[in-house]
Amino acid sequence: MNPSLMTRVRWGVADTLVMVGRNLLRYVRLPENIVNITVSPIMFLLLFTYVLGGAIRTSTPDYITFVLPGILVQTLLFGGFGTALGLAQDVQSGLFDRYRSLPMARSAVIVGRLIADLLANIFVAVLMISIGTLIGFRFGGSVLQSIGSPAVGILFALPAAAIFAAVGLTVRSVEAVNVIGFTLIFPITFVSSAFVPVESMPGWLQPVAEANPFTLAANVSRALALGQDPGGDLVGVLIWTAGLAAVGVPLAVRAYGRRN
Amino acid sequence: MTTGTAGPAILVRGLTKSFGNVVALRGVDLEVERGVVFGLLGPNGAGKTTLVRILTTLQRPTSGSATIVGLDVVRDASRLRRAIGVAGQSVAVDDQLTGLENLEVVGRFHHLGGAEAKRRARALIERFDLVEAAGRRAVTYSGGMRRRLDVAASLVGEPEVLFLDEPTTGLDPRSRLSLWVAIEELARSGTTVLLTTQYLEEADRLASRIAVVDHGQVIAEGTAAELKGRVGGSVLVVQVADRSRLDAAREVLGRYGANPHVDESTLDVSVPMSAGAGAIAEVVRALDAGDIAVSNLTLHQPSLDDVFFALTGHASEAETPDAGERGEK
Ligand SMILES: Nc1ncnc2c1ncn2[C@@H]1O[C@H](COP(=O)(O)OP(=O)(O)OP(=O)(O)O)[C@@H](O)[C@H]1O
Ligand SMILES: [Mg+2]
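Line by line, the protein sequences give chains A and B. The numbering used here puts the last residue of the first sequence at 342; the count rises by one with no breaks. The numbering used here puts the last residue of the second sequence at 331; the count rises by one with no breaks.
So that you can see chain A by itself, here it is in the shape it has in the complex:
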């Protein structure tokens, strides 16, 4: 009567792929989605480089080399906010009620969304690095390090997106997600080494910035961009990523499947 485990796995994968496709179509057909995810990072990049760059002293040869990995990691993390927003939209539009009444894998809705947003993040990373290159950014290391630099950010953003997704599915309102996104994600990304060196912050803030896993991700991404050895920080990022994923993905799937 019940399908075998193999069949269920096969269905789960198929459902996830359909969901990825559906979410990618939403990016393609709603150009404002693409504008949303690309305009602000490019603005950030230009503003930081030309407006603030002169005033901030960094250890790197020029500020853009310092700040591009930071902005990139921040942008990718901020993509998680879009994940939560998209899910909250689907809840509000009633589409999730349709999905939840279908014999599809519950995880497919969440994982399909995360994968589609991951692909969007890859697109954003390529775009930002291309624009950065036009205004003076250069990778300083091997090809592997140059790929590793954005890859760390993309990887780290994935479980973060799952956690935001869990939040979005718990509050189930686009407006609430907006508020949480700005009051939570902005401080987390700014109190870090993403835009300025931690040493330049007031003493009481430095431990906070140091403990922020986001600092770790920004540091590793930056080290790889410069062609340096990220050392233990790389392991730290991977542990954080795995840990957040182990919590975030099940939490999000549960929040989605919850029936009141």
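Quick caveat, the hints were computed from the structure, so don't treat them as lab data. Some hints here could point you the wrong way.
[Said to hold, decoys possible] Looking from chain B toward chain A, a few residues come up when the C-beta cut is under 7 Å (computed):
no., residue
1, R83
2, R84
3, F111
4, G115
[Claimed, not checked] Footprint (simulated), chain A over chain B, 3 or more residues, beta carbon under 8 Å:
no., segment
5, 30-37
6, 57-68
[Said to hold, decoys possible] Not the full set, but computed from the structure, chain B residues with beta-carbon under 10 Å of chain A:
no., residue
7, L82
8, A85
9, G87
10, V88
11, G90
12, E106
13, R110
14, S144
15, S156
16, G159
17, F165
18, Q200
Remember, it's a predicted structure, so these values are computed and weren't measured experimentally. We put the beta carbon where it would ideally sit given N, CA and C, even for glycine.
Take the given structure of chain A and dock chain B with the ligands to it, following the hints.
Coordinates of chain B with the ligands only, in the frame set by chain A:
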């Protein structure tokens, strides 16, 4: 298409559902045979949607049990989802997908395989008169088209039991009629349909049995004819010219049928004509003798309001915003 489990299509026992201190369902019992169209009739806030959502695994009951084709809505939820189709009260279509894509995606989630999902999507697009719009994004659809697409999506899995929550709300008369025909066809092909509606006329036409729901309870169940019988024939509505004569009119009409119902705002007094329509002439004479000026007089078939009034003694008033009061009743 059949899961092979025995028993009625829908069996509900002592089902309750509370949201905090709002009691939406207060002990519902229901049995729906296979292959029939069953109507769930009730005013705003009666609990229809809550019941449908519990039966379609979207919400959990607070207490009591329910099975669909023998599968428990809580324990066997995932198997149950293969046997049902749902079109909820609010339309659930994917705005950025075309009509055809919407149906295909639903087919894929039923694990039909690409070709079969396409085939069924096309067939449903035709059946619901969406051929011209099939390649357009749903965001460009009118309300009625979205409603039709939503109902079509509920049929992709060829369900044994179909749930339609107020499916004709917002449809123009022509679309309503074509949806009715579609539901009738489904019924003929053996699909069990549970349909909620606020209109007796709709339940009357489609449903072989009707349960009337009010304040979270089934207050009557039977065929449309049986329910109308509870009202006692046609309903006479007399509109008095002078507000001060309302009570006098009620007294007069009370002689010809039980429980005359006064509507202070419209100055209407209505009563089921248990004495038969032939008594109208007598009523007119009695009103005249009682010096009651009449501005309008009509005789009509019982409406949902009349059924309601006859069954509950109160009008099917819209949902009161005061949840606390509902909670106690
Ligand atoms: N999620 C919820 N939280 C709190 N109260 C709820 C919730 N869902 C339903 N209710 C309450 O339960 C009662 C029944 O609502 P329900 O939506 O089931 O009625 P309905 O018969 O479908 O009405 P309508 O004809 O307006 O659709 C109402 O009082 C409603 O306010
Ligand atoms: Mg309802």
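Per-residue hint verdict: G90(B), partner chain A, C-beta under 10 Å: Holds, about 6 Å.
Agreement of hint V88(B) with chain A interface, Cβ distance less than 10 Å: For V88(B), the interface hint holds, since the closest Cβ of chain A sits about 5 Å away, which is under 10 Å.
Evaluation of the interface hint that places S144(B) against chain A, nearest CB under 10 Å: Because about 17 Å separates S144(B) from the closest Cβ in chain A, which is outside the 10 Å limit, the hint is violated.
Interface hint outcome for R83(B) [beta carbon to chain A under 7 Å]: holds (4 Å)
Given hint A85(B) near chain A, where the shortest CB pair must fall under 10 Å: holds (9 Å)
E106(B) as chain A interface residue, shortest Cβ-Cβ below 10 Å: Holds, because the Cβ-Cβ distance from E106(B) to chain A comes to roughly 9 Å (cut-off 10 Å).
Interface hint for F111(B), Cβ within 7 Å of any Cβ on chain A: holds (4 Å)
Satisfaction of the G87(B) interface hint, Cβ to chain A closer than 10 Å: holds (8 Å)
Stated coverage of the segment 30-37 of chain B by chain A [criterion: 3+ residues, CB within 8 Å]: Not satisfied, violated; 0 residues make the cut.
Closest C-beta approach of S156(B) to chain A relative to 10 Å, hint status: holds (9 Å)
Interface hint status, G159(B) versus chain A (Cβ within 10 Å): Interface hint status for G159(B): holds (8 Å vs cutoff 10 Å).
Hinted contact R84(B) with chain A - closest CB pair below 7 Å: R84(B) check passes; min Cβ-Cβ to chain A is 4 Å, inside 7 Å.
Going through the hint list in order, the structure does not satisfy hints 4, 5, 14 and 18.
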